[in-house]
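Here the protein sequences come in this chain order: A and B. Residue 1361, in the working numbering, is where the first sequence stops; the numbers in between run on with no holes. Residue 137, in the working numbering, is where the second sequence stops; the numbers in between run on with no holes.
Just so you know, the hints here were simulated from the structure itself, not pulled from any lab data. Among the clues, some could well be false.
Incomplete in silico selection of chain B near chain A, CB under 8 Å [what the hints assert, rightly or not]: (1) Y33; (2) K63; (3) L66; (4) F87; (5) L106; (6) Y127; (7) G131.
Short derived list, chain A residues pointing at chain B, Cβ under 7 Å [as the list claims (entries may be wrong)]: (8) F1277; (9) A1279; (10) S1290; (11) A1293; (12) V1296; (13) T1298; (14) G1301; (15) T1346; (16) G1347; (17) K1348; (18) Q1353.
Being a predicted model, the structure only gives us computed values, none of them experimental. Quick reminder that beta carbons are idealized off the backbone N, C-alpha and C, glycines included.
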Amino acid sequence: ILNVEQSPQSLHVQEGDSTNFTCSFPSSNFYALHWYRWETAKSPEALFVMTLNGDEKKKGRISATLNTKEGYSYLYIKGSQPEDSATYLCALRHGSSNTGKLIFGQGTTLQVKP
Amino acid sequence: DTAVSQTPKYLVTQMGNDKSIKCEQNLGHDTMYWYKQDSKKFLKIMFSYNNKELIINETVPNRFSPKSPDKAHLNLHINSLELGDSAVYFCASSQKAGGPNTQYFGPGTRLTVL
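Just chain B, with the same shape it has in the complex:
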C-alpha cells in the first residue's frame, strides 16, 4: 500500500492552462505539505495544511492554490501555467505539525509547461 500517493506522475501542458495535482495519504496523519524542487534541486516548502487548515503559505504566486477537502487529501491547483512552473512537485505528510515529526514523501509529479 502506497503511504503518500500523487497523481499524475507526469503532466505536460501548454502555457496558460489550468491544472491540478492530487495528493492522498493513508497514514492517518494530520499534516500535509507541498514542496517544489527548484532548478538547483532544492526542495522548497510551498504550503502546509494541518487538519484542513492552512498553516504555511510561503511566497508563492497566487496562481497556486492548495485545497484540502479532508485531512487525507491535499490538492494543488495551478492557474495560468507559466514556463517557470516547470518543476517536480512533491507532496508529504507528517503525524503532526509540531514536534520533530518525520515527513513522508510522495513520488513526485513532474510538471512540464510548454
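Chain A on its own, in the form it takes in the complex:
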C-alpha cells in the first residue's frame, strides 16, 4: 500500500509570516506530484504538477520544490495572508500510471491570523 504523508497536520501562523510544509512519498517508480489548495466548502484547486527531480514551481507567493530521489516535496508560502488559510493537499501519481490514479495525503491545514 502506497502512503503519502503530509506534515504538519495543521499550522497556525501570523499574517506576514513565511511558512512551509512537507509531503513525503515512496521514491520508487515516481511519476508526478500534484499540489492542491482546498478552501472550506469549495473544490480542491490545482496549484502545481511536478514531474522532474529538482523541479521548482511558483505561483505568486506560493512555490514548491520536488526531490524524487528522497521522496519529498516542500510547499512554501511567503508573507502569508489570511486568504491563504486553507488545506493544502499533495497527491502522488505513481509508476507509469495511465489511469490517472492519484494517491492523496491527508493535507496540511493552514490558519493565518490577521
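Given the coordinates of chain A, work out where chain B should sit on it, guided by the hints.
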C-alpha cells in the same frame, strides 16, 4: 460557468434506500473520477472512466455502480445505503488519463445516511 458540477450538493436519506449523485464536466475532458473523502479526511479514488470506459475500479462495495452515459457525465448510483456510506463524494475530470494531467474537482456531495 462551473467546470465540474455535481448534484445534489447535500443528500440526506434513510438506510436501505437507493440514491444517485450526478456529475457533469464542460471542459471537454476524456477522463472522469469519483473520490470519497473518508472519516480521516483522505480523498480516496473509487472509480475512473476514460471515454465512457471504466479504467479504475478500486475495492468498493458492489452496491456502488458508476455510469457514464457520455464522456461529459459520470453518475454514481448507490444501492441499499448503509450508515458507513455517509461521506463527502467528489467528482473530478482530467483531459486524459495518461500523463501528469491536472484533475479538476467538483464541489462535492455530502451524503448523510440516517
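Hints versus structure:
1. Y33: Y33(B) check fails; min Cβ-Cβ to chain A is 12 Å, beyond 8 Å.
2. K63: holds (7 Å)
3. L66: L66(B) check passes; min Cβ-Cβ to chain A is 4 Å, inside 8 Å.
4. F87: violated (17 Å)
5. L106: violated (23 Å)
6. Y127: Nearest chain A Cβ about 7 Å off; hint holds.
7. G131: holds (7 Å)
8. F1277: With a closest approach of 11 Å, the F1277(A) hint is violated.
9. A1279: It holds, given that the least Cβ distance between A1279(A) and chain B is near 4 Å, below 7 Å.
10. S1290: holds (4 Å)
11. A1293: holds (4 Å)
12. V1296: Hint on V1296(A): holds, closest Cβ of chain B at ~5 Å, below 7 Å.
13. T1298: holds (5 Å)
14. G1301: violated (16 Å)
15. T1346: Since the shortest Cβ distance to chain B is 5 Å, the answer is holds.
16. G1347: holds (4 Å)
17. K1348: holds (5 Å)
18. Q1353: holds (6 Å)
Violation of the numbered hints given earlier is confined to hints 1, 4, 5, 8, 14; the remaining hints are satisfied by the structure.
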